[in-house]
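The listed protein sequences derive, respectively, from chains B and W. Numbering follows this note's numbering, with no gaps: position 19 of the first sequence is 43. Numbering follows this note's numbering, with no gaps: position 91 of the second sequence is 1123.
Keep in mind that the hints were calculated from the coordinates and are not lab data. Among the clues, some could well be false.
[Unchecked claim] In silico EDC-like links for lysine to aspartate or glutamate, alpha-carbon gap of 16 angstroms or less:
#	chain 1	residue 1	chain 2	residue 2
1	W	Lys1112	W	Glu1049
2	B	Lys43	W	Glu1049
3	B	Lys33	W	Glu1200
[To be verified] One-sided and incomplete, this derived list gives chain B residues near chain W with beta-carbon spacing under 7 angstroms:
#	residue
4	Gly56
5	Val58
6	Ser82
[As the list claims (entries may be wrong)] Beyond 10 angstroms from chain W on every Cβ pair, some chain B residues (computed):
#	residue
7	Thr26
8	Gly40
9	Ala53
10	Pro106
Note that beta-carbon positions come from the ideal geometry of N, C-alpha and C, so glycine has one too.
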Amino acid sequence: MTMNAERIKQLAEAYGADKRHWPQAERAAAEGFVAANAVQAERLMFDARQTDAALDASPRPMVSNALRDAVIASAMAAGLSPKKARMVWDRLILWAGAGWAVAACAGVIAGANLTLHMTSDARADAVLYQAQMIAVDDTEVLG
Amino acid sequence: MFLREQAGLSAIADPDEDLVRRVAQGEPAAIQAMVARKLPRMLALAQRMLGDASEAEDVAQEAMLRAWKQAPKWRPGKAKFDTWLHRVALNLCYDRLRRRREVPTETPPDRPDEGPAPDAGLLSAELGLRVDAALKRLPDRQREAIVLCHYQELTNIEAADLMSVSVEALESLLSRGRRALRQSLADLASANPATRRAGAERG
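Chain B extracted, bound-state conformation (with noise of 0.2 angstroms):
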């Protein structure tokens, strides 16, 4: 948009005269046209003064100590306390505690169904073995 005459007395109408307070993407135009037309500015921006100055009259209201501890009551009331962060904390713990526990289970029924699975064709190789020997007469065996 344009810097001018026009626009210096659109922007102090809609947001006053303190420049602070205008759109930032036209704040560095028209601080530099206010700049080098300081009176004419000023007669632009005068209405716009007297209006800030009548709403900077509006007292700013104080908070007071009940409203405060009231609302850091609600804080804790809504559940925010260290307190519940640390059983967060220490949920978390007992749900990794308990994860390795049961890591711990599985790798044990695992070893132990490999155990018996690697040992079987051992313990077949044994049977068969042994019933080849029913077939050899006891004399043999034993003279």
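Given chain B, put chain W in place with the hints provided.
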């Protein structure tokens, strides 16, 4: 931040981001800092929107309660926490303003200000009361625009976004609101010799 950029999300720099995160962890110092930073702003917003101290306290308290509940769920980068909190408080104010309209009160609307007589020596406290009364008489949307831009010092883009209007519409609301205020308080300016002189010089 890098992840946000990778995800194609426009990250918004939020000065409250770290504080919100600490509040979510239940840090007492962060909760107190949040109260110190936001409660006066929410109270001022509600007070000027509603013109009633007691109702303003209720709104500010409710807005802060919602902030506590929101903090653990807050996802930074999408919006400023302060803007979100303003939206919550404004919605609460509008709920109350609507309820007021539904329940007719004895307060006559839109009457000329019958405050103290024009006096160059008007005490600032009295002037403040007159300004508050004039603000209260403005249409809600004009008052909201002035409160957000002048008192809450939000940018025009933030204020327009909160009010769901274009920046041009916001400027129009601001101009009309400020003009109405000036007219409402015109007797003060005419009673002030310095103002009269300056006005005369202005031509």
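Okay, the hints, checked on the actual structure:
1. Restraint check for Lys1112/W and Glu1049/W: satisfied, since their Cα atoms lie roughly 8 angstroms apart, inside the 16 angstroms limit.
2. Restraint check for Lys43/B and Glu1049/W: not satisfied, since their Cα atoms lie roughly 28 angstroms apart, outside the 16 angstroms limit.
3. Between the alpha carbons of Lys33/B and Glu1200/W the distance comes to roughly 15 angstroms, so the proposed pair stays at or under 16 angstroms and holds.
4. A cut of 7 angstroms between beta carbons decides the hint on Gly56/B: the least distance to chain W is about 19 angstroms, and the hint is violated.
5. Taken as an interface hint, Val58/B does not check out: its beta carbon lies about 16 angstroms from the nearest beta carbon of chain W, beyond 7 angstroms.
6. Hint status for Ser82/B: holds, given a least beta-carbon distance of 5 angstroms to chain W, under 7 angstroms.
7. Here Thr26/B stays apart from chain W, with its beta-carbon at least about 15 angstroms from theirs, past the 10 angstroms limit.
8. Separation of Gly40/B from chain W is inadequate, the least Cβ-Cβ distance of about 6 angstroms not exceeding the 10 angstroms criterion.
9. Every CB of chain W is more than 10 angstroms from the CB of Ala53/B (nearest about 15 angstroms), matching its label as outside the interface.
10. Distance check on Pro106/B: its Cβ comes as close as 5 angstroms (rounded) to a Cβ of chain W, failing to clear the 10 angstroms threshold; non-interface status is violated.
The earlier numbered hints that this structure contradicts are 2, 4, 5, 8, 10.
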